[in-house]
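> The residues making up each chain are set out below.
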Amino acid sequence: GAVVSQHPSWVICKSGTSVKIECRSLDFQATTMFWYRQFPKQSLMLMATSNEGSKATYEQGVEKDKFLINHASLTLSTLTVTSAHPEDSSFYICSARDPGLAYNEQFFGPGTRLTVL
Amino acid sequence: SQQGEEDPQALSIQEGENATMNCSYKTSINNLQWYRQNSGRGLVHLILIRSNEREKHSGRLRVTLDTSKKSSSLLITASRAADTASYFCATDAVRDDKIIFGKGTRLHILP
Chain A
1 GAVVSQHPSW VICKSGTSVK IECRSLDFQA TTMFWYRQFP KQSLMLMATS NEGSKATYEQ
61 GVEKDKFLIN HASLTLSTLT VTSAHPEDSS FYICSARDPG LAYNEQFFGP GTRLTVL
Chain B
1 SQQGEEDPQA LSIQEGENAT MNCSYKTSIN NLQWYRQNSG RGLVHLILIR SNEREKHSGR
61 LRVTLDTSKK SSSLLITASR AADTASYFCA TDAVRDDKII FGKGTRLHIL P
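Chains as they are written, first to last, in this note's numbering: chain A, 1 to 117; chain B, 1 to 111.
If you're looking for bench data, these hints aren't it; they were derived computationally from the structure.
Computed from a prediction, not measured in an experiment: that's the story for all the values here.
Hints should not be assumed to be uniformly reliable.
With a cut-off of at most 30 Å between alpha-carbon atoms, the simulated DSS-like pairs for lysine-lysine come out as follows [said to hold, decoys possible]:
1) B:K103 x A:K20
2) A:K55 x B:K26
3) A:K64 x B:K26
4) B:K69 x B:K103
5) B:K56 x A:K41
6) A:K66 x B:K98
7) A:K14 x A:K66
8) B:K103 x A:K66
9) A:K64 x B:K98
10) A:K64 x B:K103
11) B:K70 x B:K98
Next up, chain A with everything else stripped away, as it sits in the complex (with noise of 0.2 Å):
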């Protein structure tokens, strides 16, 4: 099946400071990818969709000037988490569409991890 892979695993960073999450697909070309966030014992909760070549569609609430979202080419969307506080720390997933599949099926990323001290 089609592979998504995430980039990084985990990270840990400062107060302050910004993090960058790359979301690849690595055997198809993914038009559409989305971006989830899970707190501990709760489920994954959409913060945006990322179309490529265009601007990303924010569910309500999500701010649009702290996570950034990029997807410059048909295989990578980036999630920047900016001015981080400790409140970001989440689990972090992105998916994405594979448009050549029947039923338009999207696969998942395994995760990042952000940890903000």
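Once you have looked at the hints, place chain B on chain A.
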């Protein structure tokens, strides 16, 4: 935004018993998927059932879908300790591109 609701929120059963988890959702869907997540890990895709399907099997897993009731169930037969995890349903709505997750069921298999 649409979100599936699983019940129960938590389930503890003896090893060897069957575990049933339910999911309800709100709007019309293209398909519904079930995922497993071990503590602190990524998602493992278990099974996808399309809106025109009513039942699907994969090994010890059985998934049903009732679009009239907007609900799905996941049955794990002959549970094992390794089945201990959180299970999420995720719906792919007709109206948009998004996959939205339910709140999940935490399953604990007792030895």
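> Give a verdict on every hint.
Each hint tested on the structure:
1. B:K103 x A:K20: Holds, at roughly 27 Å.
2. A:K55 x B:K26: holds (28 Å)
3. A:K64 x B:K26: This hinted pair holds, its Cα atoms lying about 27 Å apart.
4. B:K69 x B:K103: holds (19 Å)
5. B:K56 x A:K41: holds (28 Å)
6. A:K66 x B:K98: holds (21 Å)
7. A:K14 x A:K66: holds (16 Å)
8. B:K103 x A:K66: The given pair, whose Cα atoms are some 25 Å apart, holds under the 30 Å limit.
9. A:K64 x B:K98: holds (18 Å)
10. A:K64 x B:K103: Measuring from Cα to Cα gives roughly 25 Å; hence the hint holds.
11. B:K70 x B:K98: Holds, at about 17 Å.
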